[in-house]
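Work from the hints to combine the two standalone chains into their complex.
Chains as they are written, first to last, in our numbering: chain P, 1 to 606; chain A, 1 to 381.
Hints were generated in silico from the structure; no laboratory data involved.
All C-beta atoms in this analysis are idealised placements derived from N, C-alpha and C, irrespective of residue type, glycine included.
Please note that the accuracy of each hint is not assured.
Below, a list of computed lysine to aspartate or glutamate pairs in the EDC-like style, where the Cα atoms sit at most 16 Å apart [as the list claims (entries may be wrong)]:
id	chain 1	residue 1	chain 2	residue 2
1	P	K571	A	E310
2	A	K200	A	E210
3	P	K569	A	E310
4	P	K560	A	E199
5	P	K569	A	E314
These stretches of chain P come out as covered by chain A in the derived footprint (C-beta under 8 Å, 3 or more residues) [to be verified]:
id	stretch
6	108–120
7	192–202
8	541–555
Chain A residues, not near chain P, derived (Cβ > 12 Å throughout) [said to hold, decoys possible]:
id	residue
9	T35
10	E106
11	K111
12	E112
13	H178
14	E186
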Amino acid sequence: MSSNNEWQNRIRNFCIIAHIDHGKSTLADRLLQKTGSVTDREMADQFLDQMDLERERGITIKLQAVRMEYQAQDGERYMLNLIDTPGHVDFSYEVSRSLAACEGALLVVDAAQGIQAQTLANVYLALEHDLEIIPVINKIDLPSADPDRVKREIEEYIGLDSSEAIYASAKTGEGTDEILEAIVKRIPAPQGEVDKPLKALIFDSHFDSYKGAVPYIRIMEGKVQKGTQIKMMSSGKTFEVNEVGIFTPALKIVDALYAGQVGFLTASIKNVGDTRVGDTITDAKNPTSQPLPGYKRATPMVFCGLYPVDSADYEDLRDALERLKLNDASLTYEPENSIALGFGFRCGFLGLLHMEIIQERLEREFDLNLITTAPSVIYQVLMENGEVKSIDNPAGLPPAGEIKEIREPVVKATIMVPDDFVGPTMELCQERRGEYKNLEYMSEQRVVITYEIPLSEIVYDFFDQLKSRTKGYASLDYELIGYKASDLVKLDILVNGEPVDALSFIVHRDKAYYKGQNLARKLKELIPRQLFEVPIQAAIGSKVIARTNVKALRKSVLDKCYGGDVTRKKKLLEKQKAGKKRMKQVGNVEIPQEAFMAVLSVGDDD
Amino acid sequence: MLEMMTRGIYVHIPFCIKKCNYCDFVSFPSPDKETLLDYLQCLKKEIKLYSIKYYNKKFTSVYFGGGTPTILDVSHLKELLDIIKSNFNIANSSEITVEANPGTLEFKKVKELKDAGFNRISIGVQSTSDKFLKEMGRVHTASDVKESLKFIRRAGFENVNVDLIYGLPAQTLSGWLHTLQEIVAEKPPHIAAYGLKIEKETYWGRLFEEGNLLLPDEDEVYNMYVEAGNFLKKNGYVHYEISNWAKPGYESKHNKVYWLTGEYLGIGLNAASYLDGTRFTNTESLKKYIQQIKMSNFPIRESYRLSKEEQMSEAMIMALRLREGVRKDFFKKRFGCFPEDVYGKQIKKLVKLGLLKEDLHTLRLTEKGFPLANIAMVEFV
Ligand SMILES: Nc1nc2c(ncn2[C@@H]2O[C@H](COP(=O)(O)OP(=O)(O)O)[C@@H](O)[C@H]2O)c(=O)[nH]1
Ligand code: SF4
Ligand SMILES: [Mg+2]
Numbered sequence: 001m002s003s004n005n006e007w008q009n010r011i012r013n014f015c016i017i018a019h020i021d022h023g024k025s026t027l028a029d030r031l032l033q034k035t036g037s038v039t040d041r042e043m044a045d046q047f048l049d050q051m052d053l054e055r056e057r058g059i060t061i062k063l064q065a066v067r068m069e070y071q072a073q074d075g076e077r078y079m080l081n082l083i084d085t086p087g088h089v090d091f092s093y094e095v096s097r098s099l100a101a102c103e104g105a106l107l108v109v110d111a112a113q114g115i116q117a118q119t120l121a122n123v124y125l126a127l128e129h130d131l132e133i134i135p136v137i138n139k140i141d142l143p144s145a146d147p148d149r150v151k152r153e154i155e156e157y158i159g160l161d162s163s164e165a166i167y168a169s170a171k172t173g174e175g176t177d178e179i180l181e182a183i184v185k186r187i188p189a190p191q192g193e194v195d196k197p198l199k200a201l202i203f204d205s206h207f208d209s210y211k212g213a214v215p216y217i218r219i220m221e222g223k224v225q226k227g228t229q230i231k232m233m234s235s236g237k238t239f240e241v242n243e244v245g246i247f248t249p250a251l252k253i254v255d256a257l258y259a260g261q262v263g264f265l266t267a268s269i270k271n272v273g274d275t276r277v278g279d280t281i282t283d284a285k286n287p288t289s290q291p292l293p294g295y296k297r298a299t300p301m302v303f304c305g306l307y308p309v310d311s312a313d314y315e316d317l318r319d320a321l322e323r324l325k326l327n328d329a330s331l332t333y334e335p336e337n338s339i340a341l342g343f344g345f346r347c348g349f350l351g352l353l354h355m356e357i358i359q360e361r362l363e364r365e366f367d368l369n370l371i372t373t374a375p376s377v378i379y380q381v382l383m384e385n386g387e388v389k390s391i392d393n394p395a396g397l398p399p400a401g402e403i404k405e406i407r408e409p410v411v412k413a414t415i416m417v418p419d420d421f422v423g424p425t426m427e428l429c430q431e432r433r434g435e436y437k438n439l440e441y442m443s444e445q446r447v448v449i450t451y452e453i454p455l456s457e458i459v460y461d462f463f464d465q466l467k468s469r470t471k472g473y474a475s476l477d478y479e480l481i482g483y484k485a486s487d488l489v490k491l492d493i494l495v496n497g498e499p500v501d502a503l504s505f506i507v508h509r510d511k512a513y514y515k516g517q518n519l520a521r522k523l524k525e526l527i528p529r530q531l532f533e534v535p536i537q538a539a540i541g542s543k544v545i546a547r548t549n550v551k552a553l554r555k556s557v558l559d560k561c562y563g564g565d566v567t568r569k570k571k572l573l574e575k576q577k578a579g580k581k582r583m584k585q586v587g588n589v590e591i592p593q594e595a596f597m598a599v600l601s602v603g604d605d606d
Numbered sequence: 001m002l003e004m005m006t007r008g009i010y011v012h013i014p015f016c017i018k019k020c021n022y023c024d025f026v027s028f029p030s031p032d033k034e035t036l037l038d039y040l041q042c043l044k045k046e047i048k049l050y051s052i053k054y055y056n057k058k059f060t061s062v063y064f065g066g067g068t069p070t071i072l073d074v075s076h077l078k079e080l081l082d083i084i085k086s087n088f089n090i091a092n093s094s095e096i097t098v099e100a101n102p103g104t105l106e107f108k109k110v111k112e113l114k115d116a117g118f119n120r121i122s123i124g125v126q127s128t129s130d131k132f133l134k135e136m137g138r139v140h141t142a143s144d145v146k147e148s149l150k151f152i153r154r155a156g157f158e159n160v161n162v163d164l165i166y167g168l169p170a171q172t173l174s175g176w177l178h179t180l181q182e183i184v185a186e187k188p189p190h191i192a193a194y195g196l197k198i199e200k201e202t203y204w205g206r207l208f209e210e211g212n213l214l215l216p217d218e219d220e221v222y223n224m225y226v227e228a229g230n231f232l233k234k235n236g237y238v239h240y241e242i243s244n245w246a247k248p249g250y251e252s253k254h255n256k257v258y259w260l261t262g263e264y265l266g267i268g269l270n271a272a273s274y275l276d277g278t279r280f281t282n283t284e285s286l287k288k289y290i291q292q293i294k295m296s297n298f299p300i301r302e303s304y305r306l307s308k309e310e311q312m313s314e315a316m317i318m319a320l321r322l323r324e325g326v327r328k329d330f331f332k333k334r335f336g337c338f339p340e341d342v343y344g345k346q347i348k349k350l351v352k353l354g355l356l357k358e359d360l361h362t363l364r365l366t367e368k369g370f371p372l373a374n375i376a377m378v379e380f381v
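Bound conformation, chain A alone (with noise of 0.2 Å):
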């Protein structure tokens, strides 16, 4: 029953220190200090305006992402979470999770955001290989990797995460296993690993509609993911949801709180909320969102109630992104029906197709249908 009462708040940190190469995150580059310390008075007055709404919800989860989150001093972070711990009810034992990016790590920074509380880690790490991490515009090299890796874990985090990045252009397959051999030797006890996805407003879109980017064939991209849950497999590694790996005990709890379709709120530009039964996403525009928090407004450029039968198809799609599935009892208890009752004709479909797989108490994607969950979950829109 633990999962159905898990609540995250979510924070954006929308400045990074430069753009990479295929970034279409609301994110700017190089901001001015006076950017950044105005930004932080308005999510400091947001969360006031959001705990009068929500102050007798309990949390269980906070995520500071980005952006780089880590741009900003420690001293500034720990202020946001005092806040937050302060103006909603967060319970003790909740997973606090920071994103940084190696460029702006140093051991003396990690060990003051362990004491400032987090108790999470999520690197954007991306690649072990400097020609890559050149390409993709990131700001770190090969070595910062390493040596961040080294420094979280002596400053006490044991609880860290590594992003990944595979089928990058001219990738090969075991170009992408090496670089998984280089993380696992660090022993991070998770890892999420994704397929480039080329967005059409960054430079790699341009130069892939320019035809100058060749990336790696759908059957290449496809071994990829697969050779690489066998390897994290073999490494003890458990492959929870489509993209994400962990070690017994490491996953997510922050994460699973989207992925089982619970409740979250989300501070600052463009964040996402879903509470209540509806979701509501500010803006993006960060002249908009100062103003509105200036005039104590709602940033919110878009509200959402869903429909009981829209919270079953999200509650389907979600759930499948796990490897535990969809939790029929759960289903149940909280629409009334089981899944088998909607879904019928869907359900039988997909297994027949050997997309999913049906027992007494759960539907799951099978190891086929988890690279081919979209063919999967048109099925419950």
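The shape of chain P in the complex, shown without the other chains (with noise of 0.2 Å):
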């Protein structure tokens, strides 16, 4: 076969990129239908969305890739290949990789809201690939829909032609097929020799536990089939191939996948990290000269202590880790060990709802009852005799009188507000330590507004903050940008005048006193009362800054018990007992799980 067959004519590799609730779940369902790809019988809804979680959250987290086939109105058949992307900030690196598996995008802006945070960092990203992109302005049902206005934010704001916008609802169905024929007409065909050396992008994979890792690819060049000797460019690991196959949307064996196509191969992988997200796949008795660009290892932003209330639960919850590694590559974790909580792991994820996603699935999955210390980021350290230190556990942070500086990360935060909100939202970066960078009107009304943020105030609760100061209007978007020296010091917490290690945190020395003062007054409340009063201290090396009590418990009794009141009786000391097992005793003192995440919600203002 030769390169630009016929048959390549009619492939289209796509995405849909939105913001996050803008609807491209809900329209990748609506194409499904369209196309046949699924019947209705088999539409739960949003299709693509395939993890529980994803369904409750409404956030697609793992990728997915579904193959459908369209009779267009020219009268050909064409393949469609539809690649989703997880619609959140702590995924951008994922998205970029399945943007490069495509030849054109769908943008996908809610008609009512208008360009979010996210839908212009997708574009950038989009724009970056050199993809076709086709501006689908969706939920046009809405009463409160505004598709000329968001047209003219598209064209004025990104940059983009809205002119052949399309005006659609994913709800009705309005405007799909106009979306399949834009797919066919605009979208480039995908280019790639076929008679080239095997060159294959991985933007995905999954473990299955027969045939091992699956990785998810895009042939760029070449072609592989069942006993091609793969290698992975990135560690140069070879195997043997056992079979390709596409999505339709279930996985189907075939022949052999060719450049342009997208689809998966087995080969007998034990680790998903030998398929790592962005590495190219080459032929290794034919290879390629040069990988495919962009490739990086997805590295850990933020990370935090999981510890078993029970220790016995270590192993299990070593098993279950491993478990879900398995799956997801971006997941790190190394033991640790705590002088309060005992032995445990510290764990690194791409972000904070990355991190809220693996608590919950081992929670759920595992069946794990779990203490998780406060998100830390990664603090580079420079020691006076030169020395640079990476400190991911606050716990860890050398004393003050070693440390020369400490540099934190620093991330490039994009936000849009209605210009109503400007005043609260400047006002809540500046008070999380940001630097003014720009402020831009992106149509009459709404501004994009950039600041340069350490990363652990963005991690301490900014969205919820930022969400709230702007009636749930304002969208945010960031990235790292690098390191910055800055005048930090570890802050300890004492409980029963014992340090308790896994409450320690790093902070900015002028909201040291503040947020001392603010922990101990809410670990008071969350610590329940002792048979002996408790107090509680917060101190910068032996400096106490702050401190109160735990009042002593006096009366805990059921006043009343006759024989109606004893199941009532039971119940309650049940309740008690299952409230025991969610507390660590650190010393003598219980501290419920709740406790160790304090310092999250320890805000700026209360």
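Here you go:
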């Protein structure tokens, strides 16, 4: 076969990019239905979001891909590959890899909300990859829809030609035909010569307990089939292909995959770590000279300690993490030891959402009862002796005397708000040690504000604060831009006179006093009364900056207990016992799980 | 060995003149005559339904509770008691209690109750302050209280309990002690004092949630409890259960059945029973209760057979409410092992915390342990 075959002309690889909730999944469902790729009966709502958690939260976490056959108005039958992208900033690297596997993108924008921060972030990514972008203005059925305004925003602010934007409603199905036609007419067919050495991009993978890690690939050049010796270009590891296939959306084995196509392969790969998103697969016997650009290892940005409440569950926690890691190469974990909490793991995540998802899956799918410590970022510590240490756990910060300088990660945050909320938004950024960069009008009433903010400030409740101060109108996107030296100190918490390492955190000196006070007060609320009075102190080094007391428990008794009360009494005690189980004994004091996360909700204004 | 053989019958009268502001008992305000009579008929029928099952068990106490049993005419109460006596094996020495509220009593009625066969009366006094009584939504006044305590005695009731509540909104320690003084002056041989508990589905529950009910703090309530104990002790009362005080010889036989996890049969709406290792509870719905009884069905909403472990756990938890505590030989006789064989670790821990006291024959809560009973009991769940 030679390049640009007839059949290649009838392939379209595309993805849908959108700000969260603008209708990506719903639109995907409509396309699948319209092309008959799934029958109405098979159509659980939001077909592509297959994990329960995704459906519940309405967020796409794990990528999916699907092939559709479409009979176009020109009389030809086309093969459309839709590659779904996660809709959350934690996963922007994954988004960029799926974009790299496509020639075009549907840009879905909510007709009522208009452009939001992730719309913009995604469009820029798509433009970087030279994708053909088809603007789709969705939800035109909403009474508050203003598609013409949104169309202007796209034109004026993003600078995309929106004269051919499609007005659609993924809910009613309006515009679906037009979208399918536009995919065929406006998105270019894939290029790439079949006769060249194999060059395939991994844009996702999943783990199958029989077949091993299954990379999802876009063949850029060459072909792959059963028996091909493949090589992962980042690691040099080789495997023999057992089968290749496509997504129909169920996995279906085919004889071979050719340049331009999207599919998967299996090759008895034991570890998803060997099928890293962004990596290039080539033919070990006839390798390509140049891997595809842009590969990078997904690096965790946020860390926290995970500990079993019951130390007997330690091994179970390890097994569970191992299982999750099989499917999620970006999750990292390492054994860690806390004086207060015993044995656990320091885990790394792409972001807060990623962290929450992993926690939730551990508790739900593996039935583990966990204590999570407050998230931390990675600090770079320049020691007096010139050495630089990376610190992902505040408890591990060396003594102040040995430190010359502490550097913290800084992000560029892009926030979009209606101009009424510029004041509160900037105030928040300022409180969070943000450095103002830019303010720009996107349309008459909407502005884009850019700040450089320490990542740790974003991690601590920034988004919730932003939402509440802007009545939910603001959207946020951020990317890591580097490290910056800061005047940071470690704040320790002492409970009953003993420092609790798992409660230590790193904070800017100017905020230490005030955070220490608030946290001590918060802990006082969270730690239940014990049989004795429990002092709580916050300290920097040996200097106590805040103190308070949890009073001793005096009376805890069901006063009335007669025949009819026995059941109630038992329930009460059972509840009390269950509550005890969710507490960690630290020294003599029982500390509830929530307390270890308390620092997260110690805002700047309470 | 006497305690091991006590067994009680409880009859629930779920009606009151009006609902008190803190009350979440199953009781309905101002019932009409017809409902009352209907309910009475059902009680009688339920008694007969059970007599076939339990005629060979000997009972040692009968307790009419509510609600307000004295909302009924004494003739009705007598009729019920007589039916119980003729359908069950009721020991001659039985303690037969009726609960009453001051607003529903007069000398003549009390006299009739005595004649009907009741030998103990339990009065829902709650407070001797008109201010508190009014706020609580009680139907009686402070002078009703004093008067009724006097004519109850005159009518020949020697065995009298007074129910009191402390920790009322804006109540002070001295106010509470004053109430106790006024009651003790009337010399009832038994006093039960309960800390106010705010229940969700009540008027006060709603006020509390809205932040419109100012309650004394935990430490103040604790002091009220401790000081009540001190005061009553000085006046010759023995603190024999977490919330109950009695002059020697006047402990409630019926209530001790519960605390010693003995057997009891509950008749009427929402009444609970514990017989042959099974706990069962009647429906809370008046309509369902009447329907079921009319069809000669047992009106049971849930029934649960306790495993031996559960029985042991309850035996510990309930008996620890009593000053006399858990008697090791009783426990062994009943379960074939000593408490320390099953709960050795827990007992050690609680002794170390100073909540529990162990000697050769018994396990008991300490003075410190009484108000912290939940902390101790949770170890036995
Ligand atoms: N009224 C209306 N609602 C829509 C439309 N498209 C999606 N939605 C709703 O918007 C919400 C978010 O949609 P979803 O597809 O999950 O968005 P995603 O986060 O971009 O995948 C869901 O409640 C959808 O039912 C539309 O065209 N009209
Ligand atoms: S008298 Fe007793 S049962 Fe009746 S409403 Fe008042 S507290 Fe409740
Ligand atoms: Mg979605």
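Hint-by-hint comparison with the structure:
1. Between P/K571 and A/E310 the alpha-carbon distance is near 13 Å, which keeps this suggested pair within the 16 Å criterion.
2. A hinted pair counts as satisfied when its Cα atoms are at most 16 Å apart, and A/K200 with A/E210 qualifies at roughly 12 Å.
3. Between P/K569 and A/E310, the direct Cα distance comes to roughly 13 Å. Compliance with the 16 Å bound is thereby established for this hinted pair.
4. Among the hinted pairs, P/K560 with A/E199 is consistent with the structure: their alpha-carbon atoms are about 13 Å apart, no more than 16 Å.
5. A threshold of 16 Å between alpha carbons decides the hint, and for P/K569 with A/E314 the separation of about 10 Å falls inside it, so the pair holds.
6. Coverage of the stretch 108–120 of chain P by chain A is violated. Counting CB-CB distances below 8 Å, 0 residues qualify, and the rule asks for three or more.
7. Coverage of a stretch by a chain is defined here by at least three residues with a beta carbon nearer than 8 Å to that chain's beta carbons; for the stretch 192–202 of chain P and chain A the count is 0, and the condition is violated.
8. Coverage of a stretch by a chain is defined here by at least three residues with a beta carbon nearer than 8 Å to that chain's beta carbons; for the stretch 541–555 of chain P and chain A the count is 4, and the condition holds.
9. Remark: the non-interface label on A/T35 is consistent with the geometry, its nearest Cβ contact in chain P lying 21 Å away (cut-off 12 Å).
10. With a closest Cβ-Cβ approach of about 28 Å to chain P, A/E106 is found to remain outside the 12 Å limit, as its non-interface label requires.
11. For A/K111, the shortest C-beta to C-beta distance to chain P comes to about 28 Å, beyond the 12 Å cut-off, and the non-interface label holds.
12. The claim that A/E112 lies off the interface holds: its Cβ sits roughly 26 Å from the closest Cβ of chain P, which is beyond the 12 Å cut-off.
13. Against chain P, the non-interface label of A/H178 holds: every CB pair exceeds 12 Å, the least being about 21 Å.
14. For A/E186, the condition that its CB be more than 12 Å from all CB atoms of chain P holds, with the nearest at approximately 22 Å.
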